[in-house]
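Colleague: Heads up: the sequence shown begins at 1 in UniProt numbering, then just goes up one per residue.
Quick caveat, the hints were computed from the structure, so don't treat them as lab data. Think of the CB as a built atom: it goes at the ideal place given N, C-alpha and C, for glycine as much as any other residue. Keep in mind that a hint or two might mislead.
[Claimed, not checked] So the derived label-pair ranges between C-beta atoms look like this: (1) 217 / 114: 25 to 33 Å; (2) 124 / 187: 26 to 34 Å; (3) 71 / 171: 17 to 25 Å; (4) 187 / 129: 24 to 32 Å; (5) 102 / 31: 36 to 44 Å; (6) 31 / 206: 29 to 37 Å; (7) 262 / 114: 16 to 24 Å; (8) 184 / 133: 44 to 52 Å; (9) 146 / 124: 36 to 44 Å.
[Claimed, not checked] In silico EDC-like pairs for lysine to aspartate or glutamate, Cα to Cα no more than 16 Å straight-line: (10) 45 / 64; (11) 182 / 206; (12) 231 / 253; (13) 232 / 216; (14) 263 / 78; (15) 230 / 196; (16) 90 / 114; (17) 48 / 78; (18) 232 / 253; (19) 231 / 220; (20) 122 / 221; (21) 263 / 216; (22) 264 / 88; (23) 71 / 88; (24) 45 / 78; (25) 254 / 176; (26) 230 / 176; (27) 174 / 216; (28) 90 / 64; (29) 48 / 88; (30) 182 / 161; (31) 90 / 128; (32) 71 / 91; (33) 231 / 206; (34) 48 / 33; (35) 263 / 253; (36) 254 / 206; (37) 71 / 220; (38) 230 / 253; (39) 174 / 206.
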Amino acid sequence: MLLRLNYLFLSCIFGLLSCAQPLPSENYTSITDTFTHYLGTTPVKIIKHTYNKPSPLFFVHLHDNESTAEKAAINLLEQYGGQLLSIENKEMRNIRFQLNNQFYTFDPNRMFSDSGIISNLKLLSSPDTAALRAVRNFGQFILSHLPDTGIIVAVHNNTDDRLSVLSFDTLPLKNETAAVTKNASHDIDDFILTTDSVIYNFYKNEMTNAILQREDLFTDDGSLSIFFGKKKRPYINVEAEHGHRLQQILLLEKLYAYLGLQKKNFSEKQ
1 MLLRLNYLFL SCIFGLLSCA QPLPSENYTS ITDTFTHYLG TTPVKIIKHT
51 YNKPSPLFFV HLHDNESTAE KAAINLLEQY GGQLLSIENK EMRNIRFQLN
101 NQFYTFDPNR MFSDSGIISN LKLLSSPDTA ALRAVRNFGQ FILSHLPDTG
151 IIVAVHNNTD DRLSVLSFDT LPLKNETAAV TKNASHDIDD FILTTDSVIY
201 NFYKNEMTNA ILQREDLFTD DGSLSIFFGK KKRPYINVEA EHGHRLQQIL
251 LLEKLYAYLG LQKKNFSEKQ
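When you get a sec, could you build the whole thing from the sequences and use the hints?
Modeller: Okay, here's the thing in structure tokens:
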């Protein structure tokens, strides 16, 4: 009798398991594409993560040493969908490459104009025509992978008190700033910078550290913000101190709220 009861019990358990449906995935999954661009003889990898839901936001991660920013972006993409383009550079900020038996170093957020490239090569190595051409081509390669519509979202990290919302309220950056909002209860290193006045006003009303870049007066340093500012494209840089992943996620989530975008519904099929 006991053996029969055990058999019936096990039969019921196996029956329930066989009828059980797999739990839906909590997050969107991604497809990863890897591209290689040669700067002289030096290969540089670019990774594009495409999550299986379209989004009006396209993320860009230019500095490979700013891992908090990349992790924050991926956290949000897994919940909302979208795309991220990221430069892989051995966890270093600046890219070093060899061309014609010489080495050059540049900041990948200073490669979107010739004036920015030349100034940056002067600062970090030495400029010449061949190096200028190589860096310009790399910048154009990155831009070719960005969409023509939607909002470009750059994610960056900074070091405590080196670059902050206060930097844009003092010279020289003050001259290139249309408006600044500061919240004394927030870390000064966690802020957004945008080319779009509507986005700026949204963050201002949310009492968030925010900067609106000027349209009519700026130094073309070759940065992505200046590039899109000149084109009058919506662009936002979401900046946070190294290690402030939660704060960076909260800043990014406000952007999703501004657009009325929702997180993944667990009943939604992949």
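Colleague: Are there hints from earlier that the structure breaks, and if so, what are their numbers?
Modeller: Going through the list in order, the structure violates hints 1, 3, 4, 7, 9, 12, 16, 18, 21, 22, 24, 25, 31, 33, 37, 38, 39 and respects the others.
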